[in-house]
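The lines below spell out each chain.
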Amino acid sequence: MREKLLLVAPELWRALGETLLMLGIGLTAAVLLGGPLGVALFLSSAGDSPRGQRAGRVLGWLVNTVRSFPFIILMVALVPFTRIVAGTSIGPLAAAVPLSFAAVPYFARLVEQQLREVPRGVIEAAEAMGATRLQIVMRVLLPEARSGLVLALTVLAISFLSYSAVAGVVGGGGIGDLAIRYGYYRFETDVMVITVAILIAIVQLIQFGGGRIARRLDKR
Amino acid sequence: MNTTIAPAPLIRLTHASKAFALPEGGRFDAVRDISLDILPGEIFGLVGRSGAGKSTLLRMMNLLERPDAGMVSVAGQELTALNPRDLREARRRIGMIYQHFNLLANATVFENVAFPLRIHGALNAPRLKARVTECLALVGLLDKAGSYPSRLSGGQKQRVAIARALASYPAVLLCDEPTSALDPDTTRSLLATLRDINARLGVTIVIVSHELQALGSLCHRAAVIEDGRLAELFDLGDHSVPRTTSLGRELLFYSAEARADAPPGELHA
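Line order of the protein sequences matches chains Y and V. Those letters in the first sequence? Residues 164 to 383, per the numbering used here, in order. Those letters in the second sequence? Residues 975 to 1243, per the numbering used here, in order.
Note that these hints are calculated values from the structure, not bench results. Hints may be right or wrong, so weigh each one.
Computed footprint of chain Y on chain V; a stretch qualifies when at least three of its residues, placed anywhere within it, have a C-beta under 8 Å from a C-beta of chain Y [claimed, not checked]:
{"id": "1", "region": "1055 to 1065"}
{"id": "2", "region": "1075 to 1088"}
{"id": "3", "region": "1111 to 1122"}
{"id": "4", "region": "1192 to 1200"}
Listing some non-contacts, in silico: residues in chain Y with all C-beta distances to chain V over 12 Å [said to hold, decoys possible]:
{"id": "5", "residue": "Leu169"}
{"id": "6", "residue": "Leu170"}
{"id": "7", "residue": "Gly223"}
{"id": "8", "residue": "Leu225"}
{"id": "9", "residue": "Pro233"}
{"id": "10", "residue": "Leu305"}
{"id": "11", "residue": "Ala360"}
{"id": "12", "residue": "Ala364"}
{"id": "13", "residue": "Ile369"}
As a list, the in silico EDC-like pairs of lysine to aspartate or glutamate whose alpha-carbon atoms are at most 20 Å apart [stated by the list, open to error]:
{"id": "14", "chain 1": "V", "residue 1": "Lys1103", "chain 2": "V", "residue 2": "Asp1117"}
{"id": "15", "chain 1": "Y", "residue 1": "Lys382", "chain 2": "V", "residue 2": "Glu1108"}
{"id": "16", "chain 1": "Y", "residue 1": "Lys167", "chain 2": "Y", "residue 2": "Glu280"}
{"id": "17", "chain 1": "Y", "residue 1": "Lys382", "chain 2": "Y", "residue 2": "Glu280"}
{"id": "18", "chain 1": "Y", "residue 1": "Lys167", "chain 2": "Y", "residue 2": "Glu351"}
{"id": "19", "chain 1": "Y", "residue 1": "Lys382", "chain 2": "V", "residue 2": "Asp1117"}
{"id": "20", "chain 1": "V", "residue 1": "Lys1118", "chain 2": "V", "residue 2": "Glu1085"}
{"id": "21", "chain 1": "V", "residue 1": "Lys1118", "chain 2": "V", "residue 2": "Glu1108"}
{"id": "22", "chain 1": "V", "residue 1": "Lys1118", "chain 2": "Y", "residue 2": "Asp381"}
Because the structure is a prediction, the values reported are computed rather than measured. Yeah, the Cβ is synthetic: ideal placement off N, Cα and C, and Gly gets one too.
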């Protein structure tokens, strides 16, 4: 067991790095693109202009469509797109493309849900004071929902840790891929146990960290 | 109009109407063709049973509810004709407080009061700090500047809301059932604060409330709203004409009682 561990240690390290790289890119895309998309979903459904509501329905439909794809199919379907964006269709960078693609609508829905928790009256008070739409988003919605948003990001990170395992199919690498290759294809149970243990540790760490930050941010 | 010059109204509603579509189809006429003038410096009460339309009427005065028909003017400006940008500007001068306070939970008391000043970028940092401090002192909460609203009592939260509403020097303070979530003692002290603000700063106050006793002692004039219509409007000091609505009679009773109890000079004539 011990020498086996030493044998796979470099590979474990590399896999860990790949996993963090994929997660990092996916989560960044989720926050930068999914965040604004979530705000747009919320505003269009909460607003009373018919044009906004129509735009919201189109956005909602798009989000649902992307989210209906099983991840592995999305990944394969996106290969041509991935080649354009990442220059290659294999490796962690390539795998990060479909991961980001799936993470954006997922996070958008989580953001929309969290913004719905902000009391209507608080938004109305800002309107009554003469705040612009952008000011309401930046100074009311996001700060008031901030602890929920951190928890949403936590949920996203943990889901995508397990999605990233599927990325092994396109040679994405990562811890999950290691578990599949050694444990599933080569029946090396001990390596699989180690990798799963590492995954458990990462999940616990993300959940613990996210929960802590969320609690500190919550002044309600 | 006779020979005495009437002061120009601060708020004028002209044939204002508003209906809401009901979820099960059909429509609910919340406000039906109401015309109303509110004078600068007065405390004006709006009373009526639940669903009579008084809150909708109040919310028309800053266009939180846009009338389907009719006009709303505040300080000579026709709100219903303004573009969104000018409306935001006009709303700076119309403060509002609510039954459930509507404070930002994740912002300190100081930041809550600073909010209207920041969104309009009206003051530089030292002047903003001075103004927030001034407003908090006015409602007696200077020591709570660094606290979060969740640490305050209901009465204190409403005082923060008042300070926030006053921060940008409003001409009007709209009060939507401001004491409904408060106990009787807190209600009394909050009403005293409103009276004080009206007397010292000259801010016009329009208040919607179910508490007739509170309104009777606070208001100069009041309107009774029934079924979305203006049923009667009268001066609370005027006992010469018998009131036609039961709410009107009750209001006058409380007003007379408050006047009898209070030492002279503490109530407005």
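Status of the hints after comparison with the structure:
Interface restraint, the region 1055 to 1065 of chain V with chain Y: holds (5 residues with C-beta to C-beta distance below 8 Å; minimum three). With 6 residues having a beta carbon nearer than 8 Å to a beta carbon of chain Y, the region 1075 to 1088 of chain V meets the requirement of three or more and the stated coverage holds. Coverage of the region 1111 to 1122 of chain V by chain Y is violated [criterion: at least 3 residues with CB-CB distance below 8 Å; count 1]. As drawn, the region 1192 to 1200 of chain V meets chain Y at 0 residues by the rule of a beta-carbon pair under 8 Å; below three, the given contact is violated.
Every CB of chain V lies more than 12 Å from the CB of Leu169 of chain Y, the least distance being 49 Å, so the non-interface label holds. No beta-carbon of chain V is positioned within 12 Å of the beta-carbon of Leu170 of chain Y; the least distance is around 51 Å. For Gly223 of chain Y, the requirement that its beta carbon stay farther than 12 Å from each beta carbon of chain V is met, with the minimum near 21 Å. The Cβ of Leu225 of chain Y lies farther than 12 Å from every Cβ of chain V, with a closest approach of about 28 Å, so its non-interface assignment holds.
For Pro233 of chain Y, the shortest C-beta to C-beta distance to chain V comes to about 37 Å, beyond the 12 Å cut-off, and the non-interface label holds. Separation of Leu305 of chain Y from chain V is inadequate, the least Cβ-Cβ distance of about 10 Å not exceeding the 12 Å criterion. Every CB of chain V lies more than 12 Å from the CB of Ala360 of chain Y, the least distance being 38 Å, so the non-interface label holds. In this structure Ala364 of chain Y is separated from chain V by more than 12 Å, as the shortest Cβ-Cβ distance comes to about 32 Å.
The non-interface label for Ile369 of chain Y is consistent with chain V: the shortest C-beta to C-beta separation is roughly 23 Å, beyond 12 Å. With a CA separation close to 14 Å, the supplied pair Lys1103 of chain V and Asp1117 of chain V stays within the 20 Å bound. With a CA separation close to 25 Å, the supplied pair Lys382 of chain Y and Glu1108 of chain V exceeds the 20 Å bound. Proximity of Lys167 of chain Y to Glu280 of chain Y is assessed by CA-CA distance (about 50 Å); at most 20 Å being required, the pair is judged violated.
Annotation: proposed proximity of Lys382 of chain Y to Glu280 of chain Y holds, straight-line Cα distance about 15 Å (limit 20 Å). Distance restraint check for Lys167 of chain Y and Glu351 of chain Y: the Cα-Cα separation of roughly 10 Å lies within the 20 Å cut-off, and the hinted pair is therefore satisfied. Restraint check: the Cα-Cα separation between Lys382 of chain Y and Asp1117 of chain V comes to about 18 Å, which is no more than 20 Å; the hinted pair holds. At roughly 11 Å between alpha-carbon atoms, Lys1118 of chain V and Glu1085 of chain V fall within 20 Å of each other, so this suggested pair holds.
Pair hint Lys1118 of chain V plus Glu1108 of chain V holds up; C-alpha atoms about 13 Å apart against a cutoff of 20 Å. Annotation: proposed proximity of Lys1118 of chain V to Asp381 of chain Y holds, straight-line Cα distance about 19 Å (limit 20 Å).
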